[in-house]
Amino acid sequence: MNIPSSILTMLAGIVVTLISLWYGQNHGLLPIAASDEASDIDALFNTMMTISTGLFIMVQGVLVFAAIKYRRRQGDNTDGPPWHDNFPLEILWTAVPAVIILGIGVYSFEIYNSMGGLDPMGNHDHGTMQAHSKMRGSAIAATLSDTPQKTPQIPSPKLVALGVGASPENEDKPADLVVNVMGLQYAWIFSYPESGVSSGELHMPANRDVQLNISAQDVLHAFWLPEFRLKQDAIPGRPSELRFTATKTGEYRVVCAELCGAYHGAMKAVAVVHTPEEFDTWLQSQQVASSQNLEQAVAVNPGELSDGEFLAPYVREIKINSETLEQLHPTHH
Amino acid sequence: MTQAQFQESANTEARGTAPADRHWRDYFTFNTDHKVIGIQYLVTTFIFYLIGGVMATLVRTELATPDSDFVPPELYNSLFTVHATVMIFLWIVPAGAGFANFLIPLMIGAKDMAFPRLNAIAFWLIPVGGVLLLSSFLVGAPQAGWTSYPPLSLVTAQAGEEIWILSVLILGTSSILGAVNFAVTIFTMRVPSMGLNDMPLFCWAMIATSALTLIATPVLAAALILLSFDLLAGTAFFNPTGNGDPIVYQHLFWFYSHPAVYIMIMPFFGVISEVLPVHSRKPIFGYLAIAYSSLAISFLGLIVWAHHMFTSGTPGWLRMFFMITTMIIAVPTGIKIFSWLATIWGGKLRLVSAMLFGMGFISTFVLGGITGIMVASVPFDIHVHDTYFVVAHLHYVLFGGSVFGIYAAFYHWFPKMTGRMINEFWGRVHFVLTYVGFTVTFLPMHALGMQGMPRRVAMYDPKFTTINVICTVGAYMLAVSTIPFIINVIWSWRYGPKAGDNPWQALSLEWMTTSPPPIENFEGVPVLATGPYDYGMEKIQNTGERLRLKLRENATRNAQKTGIPIAEAQASTFLGRTATLVAPESEVNVDSPADESQDGE
Chain A
1 MNIPSSILTM
11 LAGIVVTLIS
21 LWYGQNHGLL
31 PIAASDEASD
41 IDALFNTMMT
51 ISTGLFIMVQ
61 GVLVFAAIKY
71 RRRQGDNTDG
81 PPWHDNFPLE
91 ILWTAVPAVI
101 ILGIGVYSFE
111 IYNSMGGLDP
121 MGNHDHGTMQ
131 AHSKMRGSAI
141 AATLSDTPQK
151 TPQIPSPKLV
161 ALGVGASPEN
171 EDKPADLVVN
181 VMGLQYAWIF
191 SYPESGVSSG
201 ELHMPANRDV
211 QLNISAQDVL
221 HAFWLPEFRL
231 KQDAIPGRPS
241 ELRFTATKTG
251 EYRVVCAELC
261 GAYHGAMKAV
271 AVVHTPEEFD
281 TWLQSQQVAS
291 SQNLEQAVAV
301 NPGELSDGEF
311 LAPYVREIKI
321 NSETLEQLHP
331 THH
Chain B
1 MTQAQFQESA
11 NTEARGTAPA
21 DRHWRDYFTF
31 NTDHKVIGIQ
41 YLVTTFIFYL
51 IGGVMATLVR
61 TELATPDSDF
71 VPPELYNSLF
81 TVHATVMIFL
91 WIVPAGAGFA
101 NFLIPLMIGA
111 KDMAFPRLNA
121 IAFWLIPVGG
131 VLLLSSFLVG
141 APQAGWTSYP
151 PLSLVTAQAG
161 EEIWILSVLI
171 LGTSSILGAV
181 NFAVTIFTMR
191 VPSMGLNDMP
201 LFCWAMIATS
211 ALTLIATPVL
221 AAALILLSFD
231 LLAGTAFFNP
241 TGNGDPIVYQ
251 HLFWFYSHPA
261 VYIMIMPFFG
271 VISEVLPVHS
281 RKPIFGYLAI
291 AYSSLAISFL
301 GLIVWAHHMF
311 TSGTPGWLRM
321 FFMITTMIIA
331 VPTGIKIFSW
341 LATIWGGKLR
351 LVSAMLFGMG
361 FISTFVLGGI
371 TGIMVASVPF
381 DIHVHDTYFV
391 VAHLHYVLFG
401 GSVFGIYAAF
411 YHWFPKMTGR
421 MINEFWGRVH
431 FVLTYVGFTV
441 TFLPMHALGM
451 QGMPRRVAMY
461 DPKFTTINVI
471 CTVGAYMLAV
481 STIPFIINVI
491 WSWRYGPKAG
501 DNPWQALSLE
511 WMTTSPPPIE
521 NFEGVPVLAT
531 GPYDYGMEKI
541 QNTGERLRLK
551 LRENATRNAQ
561 KTGIPIAEAQ
571 ASTFLGRTAT
581 LVAPESEVNV
591 DSPADESQDG
601 E
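Chain order of the listed sequences is A and B.
If you count by our numbering, then the first sequence holds residues 1 to 333, one letter each, in order.
If you count by our numbering, then the second sequence holds residues 1 to 601, one letter each, in order.
Incorrect hints may appear among the rest.
What the hints assert, rightly or not - If you anchor each label on the Cβ, the simulated ranges turn out as follows: (1) B:Gly346 to A:Gly28: 50 to 56 Å; (2) A:Ile14 to B:Glu424: 38 to 44 Å; (3) B:Pro315 to A:Ser285: 14 to 20 Å; (4) A:Ser6 to B:Lys111: 52 to 58 Å.
In case anyone wonders, no lab produced these hints; they're calculated from the structure.
In this text the structure is predicted, and so the values were computed from the model without any measurement.
All residues carry an ideal CB built from backbone N, CA and C; glycine is no exception.
Whenever a hint applies, use it, and build me the whole structure from the sequences.
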């Protein structure tokens, strides 16, 4: 008995839908989600993936099916049927994608808003933010750059800071922790303005609202935490902001995503998410180390030090080994 | 009588009598024949494609291992910078112009382009710009990526950067000259009986492309000239050290460079709309929808540029605006894809190489389109921006789309361009190698990007090694895939079997003259006995009053515009010999009654 084609079409539709629903939730393409924002973005991506899988299978299925079923038979030189219009069908395939896109657009808007992308403070002038004025590492930028003669002296920030601000529930509250992030060829330097600590690693407590004030010393960089699904360009002269809540303790990578020179691929750092108690312990240990460093620093005149001697403590802090440094600037000994 | 035979018989008089007799030296001269220029474009750009391909292979070789151990990192950055520039400005964009040059006058029944000398100038700027760009390797090639964002572009490889700017300005000028020529030719030189809605869809695609080129390219020129001032004269338009703003450069750059994606893909939307109906033996489905969706894409393409800047300091509300405009482009693009599928559906598919590449185009481009919607979504784009996900998306659009489209066009019009058939077996081998190589190279890159690998890096986290090795193997396969194509083209051009005028039994006017076409394309003024895609409609049209009226209208319009006297009554009489209607009355053959043409075979 022949099965009516409409039933076959329906069965095919059900199979494609089931495959799409399953694959949309089980694609395994994203790394673990370690922030509040990451979970939301993953849910959005899974939705897009479900729809995309269905669409992809449908188009590929039509192509393969047509190539087999409608292949010209040997000796048949006649033309096919002269269909060239079907207005209701055209309306359908215009309207359905439009509705899907509207849905994805609204969903994306909601997620973006919940992340803090529409925080009005994120668009205000952060004239008081002097991210790099406190940077003990600012001298390093000139030395590490592969174009020291061109090291820009960026004027004070004058333009609006942009990025991802506070989520709606935190809009009127200051962040629990503020970290100034400076990108320079080829390192990230993190400073904690409230405690005066600087580090080559980003440390933060879990489940706390963290605000990064991001700036760049020389060229464009992009601060990316893949497990947090967050990225923000670091722009010379234009401080920007990224606010989020880490949810899983552990070590993650900070990656530079914007081409920043020959060693762009080596520009990495570590982000450590602690429990709040561990974070306090870490901060205190850094404050102690920092004060010891300062005392030692007072005892020597930096002008009398060679570049290598001067850079040694900073090299350790920003996790660049001496070989890399030599490779970057063979002239600095 | 089939539709193709009907169209051919209607154009018997207009058909050229003998193919153009060309010497190879003609292709090295300042020739103003649009067909010579078209082939000059295509051969030149293909050579640049091979050069760009070698660079891509070197880049992928470097990425076979996580360390920067194959080429120095500075050279690596130069390789991907010049690779992208070559592929965009010296391959895809001018290859589209090459096909347009060869095809548009033929498709609309004109003798040449509107401005033949300008046409030749536009072509000769290509090798000049290309050689200039490649010469930058002698002084230190640009290293700042094809986007050339300041401040990096201001501080690395400055001589190479300046050469890059000059080269892109030259190539952009060529694009503008070409676009002016295409637009004027299409609007003013169509055979009189051809209304805009009677044109082949490739012509619509070139109108849309030309509009984009003319609006957007000057903005790139402005951006690059200002960048050049910053580089050479110490101004600070974009240099933050002098209070300049690098973000302004990004706005100017992407105002051109996003539309550039459509400049690169749109001609091949047109190509696919030509290839599929011929080899499916069916009319194109939704002619008007496809034609007008090209214009919609052109318009929308101009208001989406900031989606490249979601992470680079764009206000939240602006990100939302650009997210919506970008997503909306999926609607006209979807209309095209569904219309192409409906064109294939139920046809009698001739799976020759051109058709395979045409179907491969849809197969791969649809994934590029889907990921395009994903990256339009701001929250997701924040994660994958500047990663290998974007590299994959970009290549699915521009390799899976444009390059597959270029190959489809090469195979489809090869008989018309050379007068010989290309070997189909090796064409299919080429297709399989290209499709598999392409998929192995670029599909895994989506995962790479989402997992955390940024793009434009010479060294990466070792955990990404396996996927990178797979991509590199795919890249080698892609490199190998060009070998059967090159040998096939050279061999078939010289020794292939004669093609005849219309080997695909197509209906558009370029097939109504000799292969290769004579110097001025047609002897007389061609007429449209059928539409360009009326396959399978002979039973409807050949017997109906509709055809009688259409031919009379066409012939009368031709007569009025060309000044050749002809009586309307005669036009309605000689349905089977329409071409004679445009000849002087004395030459009209009165021995062909109308019904002869209606009886079929």
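Outcome for the supplied range 38 to 44 Å, where the beta carbon pair is Ile14 (chain A) and Glu424 (chain B): holds, 39 Å
Could one say that the CB atoms of Pro315 (chain B) and Ser285 (chain A) fall in the range 14 to 20 Å? Distance hint for Pro315 (chain B), Ser285 (chain A) is violated at roughly 40 Å.
For the hint 50 to 56 Å, verify it against the beta carbon of Gly346 (chain B) and that of Gly28 (chain A). violated, 38 Å
Measuring from beta carbon to beta carbon, are Ser6 (chain A) and Lys111 (chain B) in 52 to 58 Å? holds, 53 Å
Violation of the numbered hints given earlier is confined to hints 1 and 3; the remaining hints are satisfied by the structure.
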